Structure formats: C-alpha cells, structure tokens
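Chemist: Here is what each chain is made of, one letter per residue.
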Amino acid sequence: MSDHLPDPILSVRDLRICAARQHQILHGVSFDILPGETYGLVGESGSGKSVTGLAVLGLLKRPLAVNGGALYFKDRELLKLSARERRRLRGDRMAMVFQEPMTALNPLATIGRQIAEMFVIHRGMGWTQARAKAVEALENVRVPAPEERARAYPHQLSGGMRQRVMIAMALACRPDLLIADEPTTALDVTVQAGVLELIADLCRAEGTAVLLVSHDLGVIANMCQRVGVMDRGRLVEEQDTRALFENPLHPYTRGLLAARPRLGSRIAGQRGRLTELDQVVTASDRGRDAPTLVTPRGPREEVTA
Amino acid sequence: MSAPLLEIRDLSVHFTLPRQTPFGPKRILRAVQGVNLTLNEGECLSIVGESGCGKSTTALTVMGLQEPTSGQVLYRGKPLAGPGAPGRKERARIAQMVFQDPYASLNPRQTIGSTLAAQLALHGIARGSEARDRVADMLTRVGLQPDHAGRFPHEFSGGQRQRIGIARALMLDPQILVLDEPVSALDVSIQAQIINLLMDLQESMGLSYIMISHDLSVVEHVSDRVAVMYFGRVVEEGGWQSVFQRPTHPYTRRLIGSVPDAEAILTGARRVPDPAPIPEGRRFSPDISARPDPSDMPEPSSLTEIGPGHRVRLAD
Amino acid sequence: MRLRFNFTLGLVLVLTAVVCALGAPWLAPFDPILDADLMSSELPPGGGHLMGTDGQGRDVWSRVLYGAQVSLAVGVISQVINSCIGTALGVSAGYFGGWWDDLVNGLTNVMLAIPSLVFALAIMAVLGPGLPSLLIALGLTNWSWTCRIARSSTLSLKNQGFVQAARTAGFGDLNIMRTQILPNILGPVLVIGTLGIGSAILAEAALSFLGIGIRPPQPSWGNMLSDARELIRTAPWAAIFPGLAIFATVLGFNLLGDGLRDMLDPHMRTRKA
Numbered sequence: 001m002s003d004h005l006p007d008p009i010l011s012v013r014d015l016r017i018c019a020a021r022q023h024q025i026l027h028g029v030s031f032d033i034l035p036g037e038t039y040g041l042v043g044e045s046g047s048g049k050s051v052t053g054l055a056v057l058g059l060l061k062r063p064l065a066v067n068g069g070a071l072y073f074k075d076r077e078l079l080k081l082s083a084r085e086r087r088r089l090r091g092d093r094m095a096m097v098f099q100e101p102m103t104a105l106n107p108l109a110t111i112g113r114q115i116a117e118m119f120v121i122h123r124g125m126g127w128t129q130a131r132a133k134a135v136e137a138l139e140n141v142r143v144p145a146p147e148e149r150a151r152a153y154p155h156q157l158s159g160g161m162r163q164r165v166m167i168a169m170a171l172a173c174r175p176d177l178l179i180a181d182e183p184t185t186a187l188d189v190t191v192q193a194g195v196l197e198l199i200a201d202l203c204r205a206e207g208t209a210v211l212l213v214s215h216d217l218g219v220i221a222n223m224c225q226r227v228g229v230m231d232r233g234r235l236v237e238e239q240d241t242r243a244l245f246e247n248p249l250h251p252y253t254r255g256l257l258a259a260r261p262r263l264g265s266r267i268a269g270q271r272g273r274l275t276e277l278d279q280v281v282t283a284s285d286r287g288r289d290a291p292t293l294v295t296p297r298g299p300r301e302e303v304t305a
Numbered sequence: 306m307s308a309p310l311l312e313i314r315d316l317s318v319h320f321t322l323p324r325q326t327p328f329g330p331k332r333i334l335r336a337v338q339g340v341n342l343t344l345n346e347g348e349c350l351s352i353v354g355e356s357g358c359g360k361s362t363t364a365l366t367v368m369g370l371q372e373p374t375s376g377q378v379l380y381r382g383k384p385l386a387g388p389g390a391p392g393r394k395e396r397a398r399i400a401q402m403v404f405q406d407p408y409a410s411l412n413p414r415q416t417i418g419s420t421l422a423a424q425l426a427l428h429g430i431a432r433g434s435e436a437r438d439r440v441a442d443m444l445t446r447v448g449l450q451p452d453h454a455g456r457f458p459h460e461f462s463g464g465q466r467q468r469i470g471i472a473r474a475l476m477l478d479p480q481i482l483v484l485d486e487p488v489s490a491l492d493v494s495i496q497a498q499i500i501n502l503l504m505d506l507q508e509s510m511g512l513s514y515i516m517i518s519h520d521l522s523v524v525e526h527v528s529d530r531v532a533v534m535y536f537g538r539v540v541e542e543g544g545w546q547s548v549f550q551r552p553t554h555p556y557t558r559r560l561i562g563s564v565p566d567a568e569a570i571l572t573g574a575r576r577v578p579d580p581a582p583i584p585e586g587r588r589f590s591p592d593i594s595a596r597p598d599p600s601d602m603p604e605p606s607s608l609t610e611i612g613p614g615h616r617v618r619l620a621d
Numbered sequence: 622m623r624l625r626f627n628f629t630l631g632l633v634l635v636l637t638a639v640v641c642a643l644g645a646p647w648l649a650p651f652d653p654i655l656d657a658d659l660m661s662s663e664l665p666p667g668g669g670h671l672m673g674t675d676g677q678g679r680d681v682w683s684r685v686l687y688g689a690q691v692s693l694a695v696g697v698i699s700q701v702i703n704s705c706i707g708t709a710l711g712v713s714a715g716y717f718g719g720w721w722d723d724l725v726n727g728l729t730n731v732m733l734a735i736p737s738l739v740f741a742l743a744i745m746a747v748l749g750p751g752l753p754s755l756l757i758a759l760g761l762t763n764w765s766w767t768c769r770i771a772r773s774s775t776l777s778l779k780n781q782g783f784v785q786a787a788r789t790a791g792f793g794d795l796n797i798m799r800t801q802i803l804p805n806i807l808g809p810v811l812v813i814g815t816l817g818i819g820s821a822i823l824a825e826a827a828l829s830f831l832g833i834g835i836r837p838p839q840p841s842w843g844n845m846l847s848d849a850r851e852l853i854r855t856a857p858w859a860a861i862f863p864g865l866a867i868f869a870t871v872l873g874f875n876l877l878g879d880g881l882r883d884m885l886d887p888h889m890r891t892r893k894a
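Line order of the protein sequences matches chains A, B and C.
Heads up: the first sequence runs through residues 1 to 305, numbered per the working numbering.
Heads up: the second sequence runs through residues 306 to 621, numbered per the working numbering.
Heads up: the third sequence runs through residues 622 to 894, numbered per the working numbering.
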C-alpha cells in the first residue's frame, strides 16, 4: 500500500442539495477523486447520483440548489467561484458526457464545427486550426473516416457514433476531470462495450480522472477503481471496486447486488426467481443519516483493470 | 401433435422509406424477413436483439398493431393477424400486451379503476359493482391495494405503474401476453419484483408469454425458449439452455460477450460458453463482421438444426 | 408572479366585456338604435352621455355595450365552430394517417395560404351581410391552427402505450379518439381557441368596418368605427371608445390564452416554482 496518496483532484465535502428550499435531495455527501482515478457513483433513480455530478459542474437547474457543503477542485473552492469562472472551467478543466447524445448536440451544426468550437472558446485558436484539431479529435475517438464525418450533422450518425462525438468534445481540451452520467445507457450492449473501452483508454492515456454515474453495476465494475453507493440522497458505502463486490458492507449494497439477474446464474430445471431488494435490506436500514461506510484505498496499480 | 398455441409463419414486414432524392429509387426497409416462431401453451418465448432488429415489429404484428407484408400469425391454427384475422374485440380476448414505458402506457387523465373497468364493460363481462370487484381483485393479484383504483397514474411510482400495466393486460383473461421490454425502464430492485410477479402470474393463470428484450440476463432467467434476431431475421433459436450454454451463432456470442457482468470482469474470467459444432462445409449467415444494409435483399440462408430444438442460421 | 398578473388582467378584461354584453339592457341609459336625435349629435363625453354621442345623436356608451353582445357572440360562437372543425379534422388525420391525413394537410395548407379575412370576405359576399352569415364566414375560415396542433398532438399520442393498449383491448377507433386522445389535447386546443376569439373579434370589426359585417343600424364595434370615420376630427370619441373596447377585449383574450398556455405547460410550471 502506498503511503502517500496524491491530493484529490475533486473533493466533495458534505454536499447538500435541496429542491425549492424545502425538499432535501442530498443529505451531506463526501468523497474524493484522485488524479487519474475512475470513481463510480452507483444507485437507483432518485438516489441523488446525477444531481451530484451536475452540482460539481455547476449545472444544477432551479429549483435545485446547493445548500451546504463544499466542492474543492484541485485547490479551488468551486462554490465560491463566480459564474464566469465556473463557466471557464467547464469544458476546459472539467467536462461532461450525457446519457442522450442526440439532445446534447446542436442539430443544426456539423459535428466538426461543434468540436472545433471547444478549441476556439477555450484555446483561442482560429477556426482553420480548430477544424484540423477537430478531425484529429474524431480520429482519437476511433470514428472511421473522420474527415468525412466532421462534415456530418448529428442526425446522420448512429447513437454509438454520436456518443463518440460527445466524448471527443468532452476530452478536446484534455480536462482533469470527466463527468460521465450514464454514458452508455441509451446504447445497444454491443456498442456499449466499445464506448466504455474508449473512455477508459483515453482517460488512462491522458491521466484524466472520471466520475462515472451509473445504475449498472456491470458498467461500474468494468470501469471504476473506487465506487460509492448512493441511496436516497446519501452515500451509504465507499470501497475499492473489487472489495465492494466481494465484501459489501451496507445492507443496501448487499440488496442491490443480490437483486441483479445475473447471466449464467439460473439453475437448469428451475424457474429463475430473483431475490428482491427488500428481502435483503429492511426499510429501517434505508434513508437514515449514518456515516458512510468506507474502507481505505488499496494499492492503486493493482485495481487498474 | 396438436397445433401450437401461437405460430408465426414466414412473417415479413417491410416499410417503404422516403426517396433520398426526388427521383431516386424507392427504398424498402425489411424490418422483419421470413420469421418463423412457435409459442407453446404455458411457455415463455423470448425474442432478443438490439434496436432495429425487428423484435418489436414482430410483437406489434402479433398484437394486430402492425399489418404484416406477408406471412401469417396463427392462434390454435386459425389466423390472428394478416388475412382472415378476427376483429379487434375478438383478438383482445386472446392476446394482450405489456408496454415498455410505464409512464407513457397509462392515460394521465383516467383513474386506474376506470381504465381497467372500461375493458370489462366493452366486452360485456361485468359492469357496476361486479366490475369494481373484479378490478379490486386484479389489483390485489398484481400486488397493489384495491383502493388504488380511484387514483390517477401520476400518483404511482414506475414499478407500481408497471404493475397496473400488467393488471390492464390481464383484465380480459387472455391466453397470451406480449411483454415488450417489461422491465428495461425500471430500477434494478424493482426489476426483480416485476420479473418475479410475471413468473408467478404465468404459473397461477396458465399464461403464455412472448417477451421482447435486449437484456440477456433477464431473458435467461424468465424464458423457456429464446430466439435471437439480427437485422430482421432469426439467427439462432432454441431452449434457454441451448442458447445460453451453447451459444453458436457469432452474433449470439457477441451479445452474450457484451453483457457487462461485474464478477466476471473482476475475476478476469470472460465467459462465453463454447459453441455447438455446425455441419461441415457450412458457414454462418449473415456475416456479422459487416453491417448488413436492411434495404438489400439478404443472401439465401436457412435455420439448420444443430441440436435438439437448437437451430442457427447458415448460408445455403 | 408576472404570469399570474397577466392572466388575471386578461380575465378581468374578458369578464368586463362579458358583463357589458349580458348587462347591456340594464346598464345602457339609452336605446342604441331608436334613441337617435339629430339635435343632440356629436355631443362630447360628459353630462348625460358618458361617452358622448355619435353623428346621429345616439349614445356611444349604450352602443358600445350592445356592440359587446355582437362582438362576443361572433367571437365565441365562430371560434367554437373553428375549434370543433379543427379538432375533428386534426385528430382524425393524425390518428388514421394515409390519404385522409394527406387531404386534411393539403386543405390546412390551402387555408393557411389564403388570408382568412379575404376568405371570410368572399363568403360574406356570397351570403350577404348579417349575423348568421358572419358566424359562418368566420367559423369556417380560422380552424387551421387548431387542426395543426390537434394533428401533431395526436401523432405523438397515438404511439404511446395507453392508446395502443386501448386498441389491443378491443376499443373502436372513435371510442379511442374520444376517451384517450381528446382529453389529452384539450389543453392546447383551448389555448388556441381563446387566442382565436380575439382574432375573430378583430375580423368581425374589420368586416363590419368594411360594411359587409353587421348591418347598421344594429351596433357592432366594427360598424361603429366605420360610421365614425367622417367624424374623426369633429367627434373623435365616437371612434375612440369602440376602438378601445376592441383593443381591451382582444388584449384580454390574448392574455387569457397566453396565461392558460403557461399554466398548462409543465415546463413553465417548474420555472415558476
């Protein structure tokens, strides 16, 4: 085990989010993401995993608002920055990949132009140079015939290709942190594998840290070194990925793991009845304010998939 | 042998696409091409594949929501869809459908009770207090409370709505339930509850299911038989054990290999089981290394038996 | 807050117009037609005449009140006709598709291409002036927007689970359109209808102004304006007050329609929260 962990790139401290000043959505969530680390937030809909990612980016929409805690990005307190400073960080030092690439892309601009725009805004490049960089970026995300695709409009691409374009845009300025919110949920399984591999490869090559938000434990296991499990606005457990699956600490995590229909787990001659979550975790174990169950980080090399 | 409960015979559904240029050729999208499937009594047949493979179109055809271009759907040997099909009301007593999106599948301006009871009145089964009793009974069966009948859809969670969708499909006591991605819009924990409910109902009411899904792990748990579709055709078909334990067509293998399974990834054991052998000198069709153009005529091929009830599509 | 203020203002203006129309026999101090007195023509507002008198010595206030009856009746009734035609055509076109959809679409586009006022003018020319022909002319010429909205809403609804479920449960097409689709598109149709009342009132005024709408001496805001044309220098009040009435009422209906749309739009609802 390494003695000195590097300083975290993102440190979320006791983050609280409320809706319309009365509904508490997030009840004090804390976690760290180290440089180059892929950190997974897993949970069901309404657990608060997506709003956490949006809060880090400063993209919460009214009536949602942060009402407590702190967000340290490198050594800056994000919540104390002006809107203008945060906007400058976004797309440059931190970037986002959304679930639905079609709605996140401008339907009226070619994808080459949309990627080039990132270089023009954040790097101050001229359009000709930015366009050349955009083609290069498309090549990096393994889009075939990038020259040609740069002239295409979003609707002319398949879902998987659009998500690759989103990744190219997000990684264009080599951010320190990528926030990926269900990046492959809208894609077919055979396409999903390629997109995940792409995110993993590019981020490893650049040392980009990733906050991966997903409901799919398989995707989390595939990508993350460290995982936080969220339930009802609280982080109930945080462990290294392998430890989480081998030795889940919180009853909710155990329930989540048990309720999955797993490929190859049906016994011949039987009906494949599944374990239901509430057979494992009682209602009283959920939605309580309790400290997050955390185990220390293991040696970093070993957990890299 | 008596006729199977449901038989899909050489079903094709083609759509005409708009011309790309004003005087360009008409293009035809072959969404479903020559599909043959049978559903036996009390069985769950799953059709798996990715978006655009024709699985949903096949299901809609069975439900009479899509007209077949050619081919037939037979219920106990009599036409259910296509030429000679019975009227909507008659078909409603035979087959019903559970929809994917629990939010869009209930009329936001009707109470649950009136949605369920309207069917009973339409078919002259029950009215008034008798209908209310039946609705209450059905709500209990799917794990809801009888007094939920007076509520509107927006008062329910996604899982509860899917239970209501199942209740609605069962009101007329049909033989066949077509389940279109019944759990893909639900959370993991809710998925398990709905899957278990569907399996319990199948047993207690003697239902037969056609399940459309892209989620192989769900399919493995629920199905008796599985058909894998790829670009409008069935490429592999067999009992669940044959398909999942001897996946043979390269596309089936790719599908199974793509499912992210946490434990397998962490232990480093990629586990696509070995394929069954195919007859010598034959090759698979279609070749999945190239993406087929669904508007082209496919090469001649046929489903060939490679094990008991286990068939894969090989080029002729 | 701003939204609610606009809506309330619209409601107040519209209700005022309705009260004027219904209460005209009690509120009006003079008969709008018979109390003509050339001796007391073109009297300025004040004294016995709240809004003065017109060129024939009739009380402008009384005529504005009775004119409200005509304007509102024409606006509401013709728009109800429009909404019914538009909804029926739009829903059926969206639901059935095919040649019927093509036909309705073509018809809608033709209707949109001809200015509805010109179309109404042509109909009036054939039917002659008067209230019934005005209702027909305006009721047949302004349904295209309703039709478009109804059609596009139906298109997005008909593939939703609950409509498909109704089909698989054996319900007939008319039944489905009535019980499943209609309740879900009533909101936008109502909004378009409210806005349409405003434009129908304007159309009535325009046609009456041109002398082919409501036949004088029966007062309508349009023919009052028309009559007051020559008096604009000598007795401007005879033109100003009916003009203001038109302005306030049309504004009222527009604000009401906008407010209704905002209230029915879930996006606006969250923004307000």
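Worth flagging that the hints you see were computed from the coordinates, not collected in a lab.
Bear in mind that the values here come from a model prediction, so they are computed numbers and not experimental data.
Even for Gly, the Cβ is constructed at its ideal location relative to N, Cα and C.
Don't take every hint at face value.
[To be verified] Below, simulated BS3-like cross-link-like pairs (lysine-lysine); rule was C-alpha separation at most 30 Å, straight line:
1) B:Lys383 x B:Lys394
2) C:Lys779 x B:Lys383
3) B:Lys331 x C:Lys779
4) A:Lys80 x A:Lys61
5) A:Lys61 x A:Lys74
6) A:Lys133 x A:Lys80
7) B:Lys394 x C:Lys779
[Said to hold, decoys possible] The following label-pair restraints were derived from C-beta to C-beta distances:
8) C:Leu724 x B:Gly392: 24 to 34 Å
9) C:Gly718 x B:His459: 42 to 52 Å
10) B:Pro330 x C:Val747: 24 to 34 Å
11) A:Ser265 x B:Gly392: 14 to 24 Å
12) A:Tyr153 x B:Leu322: 12 to 22 Å
13) A:Ser265 x C:Asn796: 44 to 54 Å
14) C:Asp652 x B:His459: 30 to 40 Å
15) A:Pro299 x B:Thr572: 13 to 23 Å
16) C:Thr629 x A:Arg174: 34 to 44 Å
17) B:Pro330 x A:Ala109: 27 to 37 Å
18) A:His155 x B:Thr572: 38 to 48 Å
19) A:Ser158 x C:Ala869: 16 to 26 Å
Chemist: For every hint, state whether the structure bears it out.
Modeler: The hints, checked one at a time:
About 16 Å separates the Cα atoms of B:Lys383 and B:Lys394, which keeps this hinted pair within 30 Å; it holds. As the CA atoms of C:Lys779 and B:Lys383 are separated by approximately 29 Å, the hinted pair is consistent with the 30 Å bound. Simply put, B:Lys331 and C:Lys779 have alpha-carbon atoms about 27 Å apart, close enough for the 30 Å limit, and the pair holds. At most 30 Å may separate the alpha-carbon atoms for a hinted pair to count; A:Lys80 and A:Lys61 meet this at roughly 18 Å.
A threshold of 30 Å between alpha carbons decides the hint, and for A:Lys61 with A:Lys74 the separation of about 24 Å falls inside it, so the pair holds. Distance check on the hinted pair: A:Lys133 and A:Lys80 sit about 33 Å apart at the alpha-carbon level, beyond 30 Å; violated. A threshold of 30 Å between alpha carbons decides the hint, and for B:Lys394 with C:Lys779 the separation of about 19 Å falls inside it, so the pair holds. Under the hint 24 to 34 Å, the C-beta atoms of C:Leu724 and B:Gly392, about 27 Å apart, fit the expected range.
Distance hint check for C:Gly718 and B:His459: the Cβ-Cβ separation is about 29 Å, which falls outside the suggested range of 42 to 52 Å. A beta carbon spacing of about 48 Å between B:Pro330 and C:Val747 contradicts the range 24 to 34 Å that was offered as a hint. Roughly 44 Å separates the CB atoms of A:Ser265 and B:Gly392, a value that falls outside the hinted 14 to 24 Å. For A:Tyr153 and B:Leu322, the hinted distance range of 12 to 22 Å is satisfied, since their beta carbons lie about 18 Å from each other.
A C-beta distance of roughly 46 Å is found between A:Ser265 and C:Asn796, which places it inside the suggested range of 44 to 54 Å. At roughly 55 Å, the beta-carbon separation of C:Asp652 and B:His459 lies outside the given 30 to 40 Å, and the hint is violated. Taken as a hint, the range 13 to 23 Å holds for the pair A:Pro299 and B:Thr572, whose Cβ atoms sit roughly 18 Å apart. Range check, C:Thr629 to A:Arg174: about 54 Å between beta-carbon atoms, so the 34 to 44 Å window is missed.
Judged by the Cβ atoms, the range 27 to 37 Å given for B:Pro330 and A:Ala109 holds: they are separated by roughly 31 Å. The hinted window of 38 to 48 Å between A:His155 and B:Thr572 holds, with their beta carbons roughly 41 Å apart. Between A:Ser158 and C:Ala869 the Cβ separation comes to about 56 Å, which falls outside the hinted range of 16 to 26 Å.
Consistency with the previously given hints fails for numbers 6, 9, 10, 11, 14, 16 and 19, ordered from lowest to highest.
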